[in-house]
Structures are given as C-alpha cells and as structure tokens.
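Peer 1: These are the residues of each chain, in order.
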Amino acid sequence: MELIKEHPILEYKHGKEVVFTLDGKELKGYAGEPIAMALHANGVHIYRITPEMKRPRGFFCAIGKCSSCFMVVDGVPNVRTCVTPLEAGMKVETQHGKGLVPLEAQ
Amino acid sequence: MTVKTTDFIIVGGGVHGCATAYELAKAGYKVTLFESRYLSSGGSGRSAAGLRQHFGTEVNLHMAKYNLKVFPTLEEELDTGMDLEFRQWGYMWVAYTDSCLDQLKKNVALQKSMDIPSVIFTPDEIHERWPYLRLDGIIGAAFCGEDGHINPQTLTMAYGEAAARYGAVVKTYTPVQKLLAENGKIKGVVTESGEEWHAPRVLLAAGPHTRPLAATVGVDIPVYPERHNILISEPVEVFNCPMVLCLDDGAYFKQCPNGTFMFGRDDQDEPRDLGNEGNSVKFLAGVTASVLKRIPALSGVRVVRQWSGPYDVTEDHNAIIDWTPLEGLMVNCGWSGHGLQFGPSGGRVCKEMLVGEQAFVDLHRFRLARFAEGDLFFEPAFI
Ligand SMILES: Cc1cc2nc3c(=O)[nH]c(=O)nc-3n(C[C@H](O)[C@H](O)[C@H](O)COP(=O)(O)OP(=O)(O)OC[C@H]3O[C@@H](n4cnc5c(N)ncnc54)[C@H](O)[C@@H]3O)c2cc1C
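If you read the protein sequences in the order shown, they are chains A and B. Numbering of the first sequence is given in the working numbering, commencing with residue 1 and proceeding in unit increments. Numbering of the second sequence is given in the working numbering, commencing with residue 1 and proceeding in unit increments.
Source of the hints: derived by calculation from the structure; they are not laboratory data. The structure displayed is predicted, hence computed values, not measured ones. Fair warning: there could be bad hints in the mix.
[What the hints assert, rightly or not] Straight line, CA to CA, 20 Å or less: simulated DMTMM-like cross-link-like pairs of lysine to aspartate or glutamate:
#1 B:4 with B:196
#2 A:65 with B:196
#3 B:293 with A:104
#4 B:185 with B:196
#5 A:54 with B:196
#6 B:26 with B:77
#7 A:54 with B:237
[As the list claims (entries may be wrong)] Pairwise CB distance ranges (calculated):
#8 A:25 with B:250: 46 to 52 Å
#9 A:19 with B:112: 56 to 62 Å
#10 B:178 with A:64: 30 to 36 Å
Built from N, CA and C at the ideal position, the CB exists for glycine as well.
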C-alpha cells in the first residue's frame, strides 16, 4: 500500500487495516476510507470498462459525481467507489458495461 | 394582419397530432400543425412508452392490432434517422384478487378470439419464467409476448419530421389562443403571437387542453387532466424485463432498451388541473417501496430522474374521436393514459375522417354524444 504517511499540515489517522478482494484477489486497505483510495494505494487504476467503446475508466472526479469509478461491490453494480467507505471482506469487482443486477440471488 | 389559409389545421404536437399531420401530408393534403412548446412536450413525451394488446373492448383491440402491425417497420417508413427503440419484451397484468383475475381472463378470451397471442399464467409459471420477480400474493397474470416498448419522444418527433418532409407546416412554440367560428362552422385559429390561420377543417389533439380550446367556440369536450408521476433509473445490463403492472396498487415497472428502468404508480391525491407539472416526493417513496419488493434485484440501482405528465381522462376511460357539433371541428383526445401506442391508428382514422373517407375501424364507441346520451363505454383494461 502506498499512502502519504506524513503531511506538513494534516494529521492522518487511519482506521483498522482490513482485507477485501478485487476480482477475487485479496488486497489490504483501511476501513472507512473510500474503496477507490484503497485501490489507488494498491496501484489499481482501471475500475471499469465502458459499455459501448470498451474503454478503461478509473479515478476521476473523486467526489461522487462523474460516474468514472463505478464498480460492482458485493454484487451491486454502479457503486461510486470514490465515496463509498471500505469495509472488511468487501467483494469489489471491475465493472464491465452497465453492470448486471443480481438476478439469481436472494 | 395577413391571414394564412390551409386545408387542415391540427392543434397539438403530441403523437396523435403529429401522426395525423403525417398521414394527411403523405396523402398530399395541405396541413398546418400548431404546438405550444416542442413536439412531444405533452403527455406523449412523458409517458411510460408501453404498448400492448391487452384491452377488453373490440374497438381498442382492433386499433391495438393495427398499431402493432405498423410499429415494426415504422422507423424505416418515417426515415428520419431517429431510433424508435421498438422492442417486444412483453407486457404482464398481475392479479391479486379473484375478481381481477376473472376480468383478465375475459379480456384474454376476447383477445384470443381476435388472434392475439395472450395467455393467462399461474404464479408457478411466472416464477419459472422470471425467477427474479417476487410477486407474493398473486393469483395469476395475463401476458402477451408481442407487446412492449417504443420511444415516446422519437416516435412523436419522427412523425412530425416526416410530416414536414411531405410538406406539412409544423409550427412549434406557437400556442393557439382561440378558435374562430362563423355561421355555425369552424373558421380557423388565432395564435398567441397574433397569427390568424383559416381552414375548413380543424382537429384538436391537444390532450387535456382540448377542453379549454373547444370552449373558445362554445363546444364542451368532457375530458379532464390528471397528473401522473413516473421515474427512471440508471442503466443496468439489459435482461429484457417485461412491463409488469401490479393491479393491487397500480405500480408498474419495465426495462427500457438502454437498460434503464421506469417505475410508475397511481396516486389519487395528485392534482387534477392544468398547469401542474411538478412532481411529488410522496410518489418517489411510494413507488420505490412498492416496486422493489417485487423486483428486489433492483435494490442497489439508483433513481436518475422523475417527472410527471397529464392523462387526459374521460368518464369511461376511452378516447373521444369525433366531429363536434360545430361543423368542421373534430377532436381526438381523452386517451386516459393509454394513448401513446395509438399514434399509428389514431393518425390513420383522423386522416380518414378529416378527408371524408370511411374510417378503417368502426368508431361509434368513441363518439362525443355518448356522454350526453349516458351511453358510456367502459374500457376494463386501463391503468
Ligand atoms: C406518466 C404517464 C405514463 C403513460 N404511459 C403510457 C404508456 O405506457 N402507453 C401509452 O400508450 N400511453 C401512456 N400514457 C398516455 C399517453 O402519454 C397519452 O395518452 C398520449 O401521449 C396522448 O397523446 P396526444 O397526442 O393525444 O396528447 P399530448 O401528447 O398531450 O399532446 C398534446 C399537445 O398539445 C399541445 N397543446 C396544448 N394546448 C395547446 C395550444 N393551445 N396550442 C398549441 N398546442 C397546444 C401540448 O403542448 C401537447 O404537446 C402515459 C401518460 C403519462 C402521463
């Protein structure tokens, strides 16, 4: 994980270190910090592939507005990972296209 | 002021006005259409884009069959480059009570007698075919796989654009202020911008605004507005979810070709006057709770936008397509929430009546005098 540890003005207090998965691979991050932040710290830059042109998209506006960071989180597509806090055991997946809703589950 | 003349005037740039302008212009007639705002800005562009052959009366079924004959090739016919998004993912009417199911069975029997491939499904059959639906408490449903979706904005605009290509004059952002009559005959219209247009035949297809317009020449058209809300979600991958209409609280949902979902639901407290275009927070809470329990797979899907549109309702939930007592003045309105899909048949019969031909279906049931005569004609399948 690559994160700024010291800052001249701000003081960092991370939450608990937790394990989550990206497309089945285990990664570490801090609980309560945005999912996208944990991914970025792990060097992951492609979050989804666009529906029509099949282009890669990643971190962009970082304030939940632009749709660039949509991923499938715990089976729910189009989750704005830049504003959604990370939790232990989260199943994060690269989103291909518009995202499938969980038709079989429940 | 110079007065302009034409053969036919149409007031209203919804699907019925535009389709009629198209039919007239294609047949070589001179027609001018007036629309207050932009084409499809009324009920047409705000609708749920649903088309169906589930009706319980012969005349509506005849016209519905005709609509479905036209839709598959209409995009090609109108040839505007606009995508009409015609899809046949089916339309289901879900019953929660015996009396409701009995009515659906009657409707389906009539539909089958007219060669419409509708079926009655049991709850098990529904579960097998659409395992993602959670329709607890249902006792059966009527389904027709040929029914589906058409884009309401492109449908209306394409009719308007094709009409203009055939020579129709389509005047948008030109509200008609009043009609003109002389010696018991229609004479023309005056626009709010002060233009005067004369024609021996005028068609009002202005949805709920038909009533105040007709009143300017002393004609009463018993149609009243009723606001209905609707919302659309963000897109998800397409899984061809049909239109599902739940007859307990009137909630409906369907997937559109681009993957978005539309949800709608009745609310008796909605305003019933013109000029109330907002929408209600109560609707948002009510419709999402009602729909999500029936299709929980959509629970994480976000709502993008909600809006409302006016139904133009009549006492018996059927349209009025008729000449009025004022010679030369005709109306096509009162579609009571199911009029978008009737664009093709509505346009055709209006053109036929306006030019003096025999309409291809018997429109006796849609006559204006039925209200005064107390001979109402109820459509059992309305939402
Ligand atoms: C929420 C909702 C969902 C619906 N869902 C469906 C559905 O799934 N399937 C279906 O078939 N139908 C549906 N409908 C019903 C359908 O929208 C209408 O029945 C249909 O669009 C009526 O078309 P129209 O051309 O008669 O009227 P409108 O589309 O209302 O057109 C009338 C036009 O007249 C114009 N106008 C008014 N006054 C004047 C004036 N003074 N001068 C000039 N122009 C004027 C208006 O601006 C308007 O554009 C729905 C309606 C709503 C509100």
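Peer 1: Take the hints in turn and mark each one as holding or not.
Peer 2: Results of checking the hints against the structure:
Between residue 4 (chain B) and residue 196 (chain B), the direct Cα distance comes to roughly 6 Å. Compliance with the 20 Å bound is thereby established for this hinted pair. For the proposed pair residue 65 (chain A) and residue 196 (chain B), the alpha carbon gap of about 49 Å is over 20 Å, so the pair is violated. Distance hint between residue 293 (chain B) and residue 104 (chain A) is fulfilled; the C-alpha atoms sit about 15 Å from each other, no more than 20 Å. For the proposed pair residue 185 (chain B) and residue 196 (chain B), the alpha carbon gap of about 16 Å is at most 20 Å, so the pair holds.
Under the criterion of a C-alpha separation no larger than 20 Å, the hint pairing residue 54 (chain A) with residue 196 (chain B) is inconsistent with the structure, at around 54 Å. Distance check on the hinted pair: residue 26 (chain B) and residue 77 (chain B) sit about 11 Å apart at the alpha-carbon level, within 20 Å; holds. Of the pairs offered as hints, the one joining residue 54 (chain A) and residue 237 (chain B) holds, with about 14 Å between alpha carbons and a cut-off of 20 Å not exceeded. Residue 25 (chain A) and residue 250 (chain B) have their C-beta atoms about 47 Å apart, which keeps the hinted 46 to 52 Å range intact.
Look at residue 19 (chain A) against residue 112 (chain B): about 59 Å separates their beta carbons, and that is inside 56 to 62 Å. Look at residue 178 (chain B) against residue 64 (chain A): about 51 Å separates their beta carbons, and that is not inside 30 to 36 Å.
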